[in-house]
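> Listed in order, the protein sequences are those of chains A and B. 0 is the number of the first residue of the first sequence in numbering that gives the first Met the number 0; add one for each residue after it. 0 is the number of the first residue of the second sequence in numbering that gives the first Met the number 0; add one for each residue after it.
Hints are computed from structural coordinates only; laboratory data are not their basis. Zero decoy hints are in this set.
For the chain B half of the interface with chain A, some residues (derived, Cβ under 8 Å), not all of them:
id	residue
1	106
2	108
3	146
4	199
5	200
6	206
7	208
Restraint-style ranges between C-beta atoms, simulated for each label pair:
id	chain 1	residue 1	chain 2	residue 2	range
8	A	95	B	179	18 to 24 Å
9	B	202	A	143	21 to 27 Å
10	B	24	A	201	39 to 45 Å
11	B	200	A	22	32 to 38 Å
12	A	203	B	199	23 to 29 Å
13	B	74	A	108	25 to 31 Å
14	A	44	B	68	55 to 61 Å
15	A	108	B	1	39 to 45 Å
16	B	41	A	202	44 to 50 Å
17	A	71	B	164	48 to 54 Å
18	B	117	A	24	53 to 59 Å
19	A	138	B	120	46 to 52 Å
Listed next, the in silico PhoX-like pairs over lysine-lysine satisfying Cα-Cα at most 20 Å (straight line):
id	chain 1	residue 1	chain 2	residue 2
20	B	167	B	208
21	A	208	B	208
22	B	84	B	161
23	A	84	A	74
24	A	141	B	208
25	B	141	B	167
26	A	161	A	84
27	A	167	A	208
28	B	141	A	208
Where is the CB? At the ideal position from N, CA and C, for every residue including glycine.
There are 2 protein chains.
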Amino acid sequence: MNTGVLGSGMVGQAISARLAELGHDVMIGSRDSKKLSDWHAAHRDVRIGSFEEAAAHGEILFNATNGAASLDALKMAGESNVNGKVLVDISNPLDFSKGMPPSLLVTNTDSLGERIQRAFPAVKVVKALNTVTAPLMVNPHKVAGGDHHLFICGDDEIAKEKVTELLKGFGWTHLIDLGDITNARATEGVLPLWVRLYGRLGTAMFNFKIVQ
Amino acid sequence: MNTGVLGSGMVGQAISARLAELGHDVMIGSRDSKKLSDWHAAHRDVRIGSFEEAAAHGEILFNATNGAASLDALKMAGESNVNGKVLVDISNPLDFSKGMPPSLLVTNTDSLGERIQRAFPAVKVVKALNTVTAPLMVNPHKVAGGDHHLFICGDDEIAKEKVTELLKGFGWTHLIDLGDITNARATEGVLPLWVRLYGRLGTAMFNFKIVQ
Chain A
0 MNTGVLGSGM
10 VGQAISARLA
20 ELGHDVMIGS
30 RDSKKLSDWH
40 AAHRDVRIGS
50 FEEAAAHGEI
60 LFNATNGAAS
70 LDALKMAGES
80 NVNGKVLVDI
90 SNPLDFSKGM
100 PPSLLVTNTD
110 SLGERIQRAF
120 PAVKVVKALN
130 TVTAPLMVNP
140 HKVAGGDHHL
150 FICGDDEIAK
160 EKVTELLKGF
170 GWTHLIDLGD
180 ITNARATEGV
190 LPLWVRLYGR
200 LGTAMFNFKI
210 VQ
Chain B
0 MNTGVLGSGM
10 VGQAISARLA
20 ELGHDVMIGS
30 RDSKKLSDWH
40 AAHRDVRIGS
50 FEEAAAHGEI
60 LFNATNGAAS
70 LDALKMAGES
80 NVNGKVLVDI
90 SNPLDFSKGM
100 PPSLLVTNTD
110 SLGERIQRAF
120 PAVKVVKALN
130 TVTAPLMVNP
140 HKVAGGDHHL
150 FICGDDEIAK
160 EKVTELLKGF
170 GWTHLIDLGD
180 ITNARATEGV
190 LPLWVRLYGR
200 LGTAMFNFKI
210 VQ
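Using the sequences and the hints, build the whole thing.
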């Protein structure tokens, strides 16, 4: 499938490389594609473009941009390139301006996932993958054989089914659909705990398993 | 040990009954102790009193009151009865005024744990147990043989050691000390996810296990 990945940091690179490995036709979009030249040399199977080009290329899109810049990045991608498409929103509204650990720019009675959905009502936003580190997003088996959970939410049921198929392709077996996009409040809200566990455990290679 | 439990709802009852079972001399404090008469008939080993009496009785105190009312309850308990003591703060600042699922009354850059610590600087506040349902707080083995995690935080290291001993007595083996009381932002911040998982799973008998 043609996929477009917005954002060329650690998350965008991991998602793009994994999608290409799984046989998808991927374009990674960046504000400044020149900085991807070294990475591209090792990943010739991923196309490089602008936000606009990557959004136009993908049937399914991934928002892997910095949460503080996501709305701007999607505006740069262009409404005509994103409308009607599924957008997997991986971003977190982390605020590093007050030092470490980061707090959240939007929280509790709103979320970045909802802000994106409100700003782009014709986009089918599915919040997912934002509660794990990049290498684990695309290969959950790297921790405990994949025996841990991923939360997804979004308003469009068919969009969630499509994203679920992609996530299964990444190796995810334990998905919990929390419901509509307002549930992004909960999955973004777990980041303050995540960043502290990262500090305490000394590794980002961990995840939450829900045990009953 | 003499322990005082402030709050006579499901959490206060579970904590009090378990402490008594473990041989502690427990007083449960309530705004209206009459409503405990039926419960007391089945738990004669727990003393019944006012917030003030329970706080005076305990060497270690538990805040098991409704988060929205915790500061008032502690004021009713009286500074002279709480100062210098360890207070295990189990409360969550849940706001049910906007319907279900609840949001938080304080979040992100502050927490109820911190507010209690600021309001009662001579109390040694240890945030703990607020991320699991009452029956699991006092008997973690009821889920997955106890193989799941509890987070604690607080400014006073010796207070955290004392609380850790009590929690081990309850059966907890997987404790993660997140650091000072500001980390209550993270453990209270997980409640929006907790309440949604409760809804999705159809049971409160679950917990988070951190897998690496």
